[in-house]
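Visitor: In order, the protein sequence lines correspond to chains A and B.
By the numbering used here, the letter at position 175 of the first sequence is numbered 175, and the numbering carries on one by one without gaps.
Throughout, the numbering used here is defined as the position within the second sequence, counted from one, plus 1000.
Honestly, the hints are just simulated from the structure, not real lab data.
It is possible that some hints are incorrect.
Taking lysine-lysine pairs in the BS3-like style, the calculated list, with each CA pair at most 27 Å apart, reads [what the hints assert, rightly or not]:
#1 A:K41 <-> B:K1260
#2 B:K1102 <-> B:K1260
#3 B:K1102 <-> A:K41
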Amino acid sequence: MAADKTAQRPTVSATKLRLRWLGIVVAVMALLTAGWPLLDKAVADQHPLAAGSRLTVGASPSSGVVTVGPGWSLLSAQSNPTQGYLLQRGNLNLSIMHVGLVDREQLPQMWRDLLRLLSVSNPGIRLSKPAFITTAHGLHAVTGGVTGSRQIGTATIVRAPSGNFGIEMVALAPRRTSPAMHAAAARVIFSLMFLAHGT
Amino acid sequence: MTSTATSSPRLSQAQSIRLVRMTAIVACAFGAAILSWQFFRFLVVFPGPALLAAVLEIPLLVVGFVLVRLARPLRPPPLTWSAAALAWGATAAAGCALLANKGLIGLWSKGAGIQFAANWSASLSAPLNEETLKLCGVIMIVLAAPRVIQGPLDGMIIGALVGLGFQVTENVTYGLNNIVLAGATDPGRAVIDSALIRVGLTALGSHWTMTAVAGAGVGYIVARLRGAEHGGVLPAVACLLTAMAMHLLFDAPRLAIVIKVGVNFAIVLVLYLLLSNAYLGRAHQVEAGWTAAGIITSDESAILLSRWGRRRELAGAATASERGRLAARQAALLTDMEQAAA
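Let the hints inform the model, and build the full structure from the sequences given.
Guide: This is the structure we're talking about:
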């Protein structure tokens, strides 16, 4: 009997050790996978922007600048100065994205590509027929309506004169959002300028 | 799970191993589900480029898998557990890291500002989250297949395989994200550009190197538990911290990518040479002892530690049954040798 117990002891201790380490592994994985996102959710994301704040999107020399009016907030967890920003005013979201153009694509093609890009995260989204415009700053742009399952708004693409990059801006809000809200978004969108060395 | 550990003292060794394996499968399925949820729409909207992103990683996957397994002296680790290590990195670690990084990077943006986060959040988040999640895979292999990792060199090889799996999945996701960064203007080109950089330029110093170093640390702990002189917690902690530092360096801004890749590759190469030299030194000692004790013949002694020698011996067998007997003898001796050398 004594010999049996001695023989069993390492097995039992190895099993306990294995279960203990398994518990540690599962706990650590759960802590990282669920802990950080929960903590992130618990911390407020909105950073109010002062009226007249200028946001540079993209890295020099491929960058553009927009100027925001009153009432806008920056969603910092979803913003990155080199890639783009997500701004919020009431229940309207305005995303401003920097896109690199590998083959100096033209605006009509960029508009079609934008639809595919938006449909990755918004299945069923539709873009209206685009209108080709020139902004107050003399930039060529394309703009049109966006219709999603619950939200509507506008999309605008401005191509940098260099042709190396563009800025895509999409304003979306629930259907009953006031026109004033959309007008505020339009003011931000059409404030876009390219820095002199980016043109 | 900790309560399971304390409230199930009657679980047999086989049952506990089965529990570990089931948990690992669940973790891999969970990681794969997260990745699918995050990237499935790319497959719908950009089916060609999405498949291209995966296909472009096949050479890295195959070549990496073969070379890393061959790097183990004497013989490669078991195929099943090599594939399991790869699968952990590609699914469980990569999927969980996606959520963990998103959470921590969000916190950096909120706490330290978006400019700081743009520069540093990746290098301050990924080393902690990704190295830990990949290391969990190496530990799971130790728990699920106790004979696979017996020392630091085994841990290094399995760690490299976990890291390789992670690297391949991450490369695919970077390719897909590059479609977004290019405004979907040329999805195929965006995917190819990303793969050229991540397979052609940074592959040599990426995840496989970091997890190889961290995995060696797990091997040090296993060696200590087995009573080996070279085992210990201190080298294990040093390996993990080194792996995290390598990752921080790799993600840090304003440093030439060639330097990052070179430093990481140099670290893993030096560690590998040190560990494999020590391993082979111990193997030669064991072999000499066995020869002196008459456990193996001088002919066996001449070929046991050489892959080519063993293969030549098998090729020289007159009959299939003799070849089978020789192969079984070689395998049995190698199993004992690996245990002693590790």
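Visitor: Compare the structure with each hint and give your call.
Guide: Status of each hint after checking the structure:
Between A:K41 and B:K1260, the direct Cα distance comes to roughly 33 Å. Violation of the 27 Å bound is thereby established for this hinted pair. For the hint linking B:K1102 to B:K1260, the alpha-carbon distance of about 24 Å falls within 27 Å, and the restraint holds. Taking the CA atoms of B:K1102 and A:K41, the gap is about 11 Å. The hint holds against a cut of 27 Å.
In summary, the one numbered hint that this structure violates is 1.
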